[in-house]
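Asks: Add chain P to chain U, keeping to what the hints say.
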Amino acid sequence: MQLTLEFGGGLELLCDSVKSHNINVDPQDGEEQLTMKNLLSWVRTNVIKERPEMFMKGDSVRPGVLVLVNDTDWELSGQLETVLEEKDNVVFISTLHGG
Amino acid sequence: MDSNGVEAARIRQEIDSLKSNKRNIERQISALEAQLNQLEVNSSTVCPQPLSNGDLSNSNGLSPDMIYRYSRHLLLPSFGVQGQANLLKSSVLVIGAGGLGSPALLYLAACGVGRIGIVDHDVVELNNLQRQIIHTEAYIGKSKVESAAATCRSINSSTQIVEHREAFCTSNALEIVSKYDVVVDATDNAPSRYMINDCCVVLGKPLVSGAALGLEGQLTVYNYNGGPCYRCLFPTPPPTNACQRCADSGVLGVVPGVIGCLQALEAIKVASLVGEPLSGRMLLLDALSGRFRNVKLRGRSLQCEACGDDAVLTRQTFSEFDYEKFTQTPLSTGPLKLNLLSLDDRISSKEYNEQVGRGEAHVLVDVRPSHHYKIVSLPNSMNIPLSTLEGRLPEISAALEKEANKENGSNASLFVICRRGNDSQVAVELLHKLGFTSAKDIIGGLESWTHNVDPKFPTY
Chain U
1 MQLTLEFGGG LELLCDSVKS HNINVDPQDG EEQLTMKNLL SWVRTNVIKE
51 RPEMFMKGDS VRPGVLVLVN DTDWELSGQL ETVLEEKDNV VFISTLHGG
Chain P
1 MDSNGVEAAR IRQEIDSLKS NKRNIERQIS ALEAQLNQLE VNSSTVCPQP
51 LSNGDLSNSN GLSPDMIYRY SRHLLLPSFG VQGQANLLKS SVLVIGAGGL
101 GSPALLYLAA CGVGRIGIVD HDVVELNNLQ RQIIHTEAYI GKSKVESAAA
151 TCRSINSSTQ IVEHREAFCT SNALEIVSKY DVVVDATDNA PSRYMINDCC
201 VVLGKPLVSG AALGLEGQLT VYNYNGGPCY RCLFPTPPPT NACQRCADSG
251 VLGVVPGVIG CLQALEAIKV ASLVGEPLSG RMLLLDALSG RFRNVKLRGR
301 SLQCEACGDD AVLTRQTFSE FDYEKFTQTP LSTGPLKLNL LSLDDRISSK
351 EYNEQVGRGE AHVLVDVRPS HHYKIVSLPN SMNIPLSTLE GRLPEISAAL
401 EKEANKENGS NASLFVICRR GNDSQVAVEL LHKLGFTSAK DIIGGLESWT
451 HNVDPKFPTY
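Protein chains in written order, with full-length UniProt numbering: chain U, 1 to 99; chain P, 1 to 460.
Among the hints, erroneous ones may be present.
Here are a few chain P residues that face chain U, going by a calculated C-beta distance under 7 Å [to be verified]:
{"hint": "1", "residue": "Cys169"}
{"hint": "2", "residue": "Ala212"}
{"hint": "3", "residue": "Gln244"}
{"hint": "4", "residue": "Phe292"}
{"hint": "5", "residue": "Lys296"}
Hints were generated in silico from the structure; no laboratory data involved. For each residue, glycine too, the CB sits at the ideal point set by N, CA and C.
Isolated chain U (complex conformation) (with noise of 0.2 Å):
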C-alpha cells in the first residue's frame, strides 16, 4: 500500500531532517487491514532514525503530536484504529510554543 507520510514541527529532526516520505507498507502477516497502530510501529522501525521516545510513548504517539490522516485530526477516525487505504496521507506534527 503506498502512503505519503509527513513530520512537522521539529519531528522532521528526528528522521534526517526529511519532512516527506512516499513509503510502501502492507498490512502484517494474517491481517487484512493497516491500521494506524501497525504503521506507528513501521515507521518507528523503518523512518524514525534517533531518539525514539521524543516520537511514540507506549503504543502511541507522545504527548504534543496531532496526527492527521488526510487533513483530520485521528481522534475523528478511530485513533489507532484507523484503517488506511491506499494513496493516504498521514501527517505527525508537533506542537509548537515558541512565539
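Replies: Same frame as chain U, now just chain P:
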C-alpha cells in the same frame, strides 16, 4: 583618538536628549488627539442628528473622523458599518508583545478595536528587532509594553491602549482577562499556553492561539462557540525536551509575522461577529515549501479536564494550579541552567584565559552544532558537535597527542565549551565515561567568555 571619543560621547548624549524630547512631544500630541477624539464622540452622542425615517446611516454611532478612517472597512459589504461598530465596542487582550504580538497589535490598533490590553514583563533587546516589528531601536532596554503601546497610540489615538507591565500568572490572570472580550495568545512557552487556555475556559473567553518556530507556524481558535480548547487537543503536556525555543532553534522573522497577522484576523472576526472563525480547525504554515494546510480538529472533548462535562476547573482551582510543575517548564523564558559536574571538573572562562595566556598545552573542543560554530568561535578550538561526539573520539585523542608533543610529552588538558555551558557539561560527562577523565567544561560557555573575558566577543 581621545578627542574623537569625547566628541562621539557628546553627540550621543545630544541624540539621546533630543530623542527623549521627541518622545515627550509625541506623547503629548497623542494624549491631546485622544482628548479631541473623545470630545467629538461626546458631541455626536449629546446632539443626535435629526433622523429621517428608516435612514440608519446617521445613527450608526460613527463620527465623521471614524467614517473616514475606517472607510475601506465600511465599504466591504460583508463587514460594513455593523462589523466596524461591533469592533469599536470590543476589547482584545494580547498576551506577549514579541514576534507574534507585534504584528497582531499593529493591525488590532489600526483596525479600530475599542480597547486593547497588552501584557508582557520583558524589555526590548537588539536581537528582538529582527521579528518584533512593533519595537524600534529607541526602545532598547525599555519595557516592551511601553514600546508597543506607544506605537499603537501613534497609529490610532482613538483606540484605548491599556498597559499591563507584568508577568502573566495565576495571581493576576483572572482579573486581567475578565476585562476583555477576546484573548490573543502570543506567548512563547508551554506553561503560559496551558494557563491562558484554562483562564479563558474559566471566564468563557474565546482564545486566538498562534505559535511559530523556525520556518513553521500554527494557528487556531480555542474555546469558541462550543469548540475544543487547548487541553482537548493536548491533555498531557509534551516532554520538556520537545519544547524548542526561538532563542535556541531560531526563527525566520517573517514567520511569526504571518501567524501574528492571522491572529489579528481571527480576533477581528470574533470581535466583529463577521465570518467563520478558525475553531475546530488548525492552519499549519510550512514557510520553506510555501504551503498552508487547513486541517479539521476533534471537537470539544467530554473528558477534557478544563472544559469537559466533569471538569472541576474553577476560579479557585485555577489560581492554585502550578503550571510550571505541570509542564516541567519555567514560565520565564530564561535559558536552562544545568549543574551536572563537580567543581573539580569545571573551569571558569577567566581561568581558562589565564591558562591560554601561560601557553599551557591544551585542546579546546566546541560541542555546538556546526551552524552555531560558523556564527562565531574561539581561535584554535575544534568543532565536534555533541551529537557526533562519541564517533569522533579519535580526533580528540590525536589532537591531545599532537599538543603534548609540542610540549615535550607533558600532558595536554582537554576543555569543552558550548554556547551557555549546558551541552559542555553533558559532553564532559560523556567524555569521562569514555576514558577522557581529565576533561573539564568551561562554566557558562561562550556567553561567559563575553561577559568575563572579552566584551567584544559576539553573543547571539
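Asks: Please write out, lowest number first, the hints stated earlier that are contradicted by the structure.
Replies: 1 and 4
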